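Note that the protein sequences, when read in sequence, are chains A and B. Quick note: the first sequence uses my numbering, first residue 167, plus one each step. Quick note: the second sequence uses my numbering, first residue 47, plus one each step.
No lab work stands behind these hints, which were simulated from the structure alone. One or more of the hints may lead you astray.
[What the hints assert, rightly or not] Quick list of in silico lysine to aspartate or glutamate cross-link-like pairs, DMTMM-like style, CA-CA up to 25 Å:
1) A:Lys191 <-> B:Asp119
2) A:Lys239 <-> B:Glu156
3) A:Lys314 <-> B:Asp108
4) A:Lys292 <-> B:Glu70
5) A:Lys239 <-> B:Asp119
6) B:Lys115 <-> A:Asp274
7) A:Lys239 <-> B:Glu144
8) B:Lys175 <-> A:Glu290
9) B:Lys168 <-> A:Glu290
10) A:Lys191 <-> B:Glu144
11) B:Lys95 <-> A:Glu215
12) A:Lys275 <-> B:Glu156
13) B:Lys115 <-> A:Asp308
14) B:Lys115 <-> A:Asp319
The structure displayed is predicted, hence computed values, not measured ones.
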Amino acid sequence: MKKILAVLLVFSLVGVSCQTGVPAKALELGPESLAVRQAQSRVFDTSDEMTILSACSGLLQDLGFNLEESDTKLGVLVGSKERSAVNAGQVAGKIVVAVLTGAVLSVDKNQVMRASVVTKPLGESKQRIGVRVTFQRVVYNDQGLISKRQPIDDSQVYQEFFEKLSKAVFLEAQQI
Amino acid sequence: MTNQRILGLAALLMLFASCATTTERLLESNSSQVELRSFQTRAFDTTDKETTLRTVIATLQDLGFVIDKAELDLGSVTATKLDNYALRMTVTVRPRGETQLLVRANGQYEIKPIVEPEPYQKFFAALEKAMFLEAHEVE
C-alpha cells in the first residue's frame with residue numbers, strides 16, 4: 167500500500183510539473199473584454215491623429231512618465247515611471263509580525279508603472295480618432311524580488327486619465 | 047554505500063552538470079522550426095499592412111496586453127500581459143504574394159517559449175473576428 171501511495175505521489179508530481187503552460191483563458195476574449203475596452207477608450211471628433219498623439223505625449227509627461235517607445239504611423243506611445251510602492255499598512259504589519267514572532271516579512275518597496283496609448287482613426291471616412299490607454303505595473307519588494315505583476319484596471323484611473331486628456335487636447339489646440 | 051562513495055558520486059554529477067551549457071537555449075535548438083512556423087503563422091486575404099497592424103494592436107489590447115512597441119515599416123508589434131504571470135507576444139505582418147499578408151505570432155510564457163499550437167489558435171481566432179477575414183493556415 168505504501169508503495170502504491172509513493173508511486174501515486176510521484177505521478178501527481180509529474181502531472182503538476184507539466185501544468186506550467188499558458189493559462190487557458192489568457193488568449194481568449196472574455197465576456198468582460200468589451201466593457202474593459204469601453205472604460206479604457208474615448209473618441210475625439212477630429213481627423214487629426216497627430217494632434218491627439220501629441221496631446222497624449224504631453225499628458226504622459228504631465229503624469230511623470232518617461233517616453234519609451236513611439237510609432238506615430240501606427241499611433242502607439244509607451245511610457246513608464248518608477249515610483250515608491252511603500253504601503254503604510256504593510257509596513258505596520260511587518261513590524262507587528264516581527265515583534266510577535268521574530269520573523270521578517272518582506273514588504274513592497276518600488277513599482278514600475280507602464281502606460282501604453284494607442285490611437286486609431288475610426289469609421290469609413292476616418293473623421294474620428296479613438297484613444298485607448300492601458301496601464302500595468304510590476305511591484306518589487308524590499309529584497310528586490312517581484313511581488314506583484316498586474317494590470318491596473320481601476321475604472322477611476324481611466325476616467326481621470328481621459329478628463330486630463332480632454333484638457334491636454336484643448337491645450338494642444340491653443341498651442342500652450 | 048559509504049559516505050565517501052556518495053561524496054564521490056556527487057562530485058562526478060557536479061562535473062557533468064558543469065559540462066552541460068545553457069547556451070543552446072539561445073538558438074532554441076530543440077524545437078522543430080517548420081512545425082513551429084505552421085502553428086505561428088496565418089495568411090489573410092488583404093494587402094493593407096497598416097490596417098492589419100492596427101487590428102493586431104487592438105486585438106492584443108482586447109486580450110489584456112499592454113503594447114510595448116510597434117513599427118509600421120518592419121511590420122512588428124510586441125506586447126506584454128501581466129496577470130500574476132508574464133505573457134509576451136511579438137506579431138509580425140509581411141506581404142505574401144500580391145494578394146495576401148502573412149501574420150506570424152510568437153510568444154513566451156514566463157521564461158519559456160510557447161511551442162504548443164493551442165495558444166496560437168486562440169490568438170488567431172480572436173484576430174480573425176477583429177479582421178472580419180478568415181485566417182488561412184499556411185503550409
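Against the structure, the hints come out as follows:
Between A:Lys191 and B:Asp119 the CA atoms are separated by roughly 32 Å; this puts the pair beyond 25 Å, and the hint is violated. At most 25 Å may separate the alpha-carbon atoms for a hinted pair to count; A:Lys239 and B:Glu156 exceed this at roughly 31 Å. Of the pairs offered as hints, the one joining A:Lys314 and B:Asp108 holds, with about 22 Å between alpha carbons and a cut-off of 25 Å not exceeded. For the hint linking A:Lys292 to B:Glu70, the alpha-carbon distance of about 49 Å lies beyond 25 Å, and the restraint is violated.
Distance hint between A:Lys239 and B:Asp119 is fulfilled; the C-alpha atoms sit about 9 Å from each other, no more than 25 Å. In summary, the hint linking B:Lys115 to A:Asp274 is not supported, as the alpha carbons are separated by about 28 Å, beyond the 25 Å threshold. A C-alpha spacing of about 23 Å is found between A:Lys239 and B:Glu144, which places the hinted pair at or below 25 Å, so the restraint holds. The hinted pair formed by B:Lys175 and A:Glu290 meets the criterion: a straight-line CA distance of about 18 Å does not exceed 25 Å.
With a C-alpha separation of about 29 Å, the suggested pairing of B:Lys168 with A:Glu290 is violated against the 25 Å cut-off. Under the criterion of a C-alpha separation no larger than 25 Å, the hint pairing A:Lys191 with B:Glu144 is inconsistent with the structure, at around 36 Å. In summary, the hint linking B:Lys95 to A:Glu215 is supported, as the alpha carbons are separated by about 18 Å, within the 25 Å threshold. Our distance criterion of 25 Å between C-alpha atoms is met by A:Lys275 and B:Glu156, whose separation comes to about 22 Å.
For the proposed pair B:Lys115 and A:Asp308, the alpha carbon gap of about 30 Å is over 25 Å, so the pair is violated. Annotation: proposed proximity of B:Lys115 to A:Asp319 holds, straight-line Cα distance about 21 Å (limit 25 Å).
Hints 1, 2, 4, 6, 9, 10 and 13, counting from the list given before, are not met by this structure.
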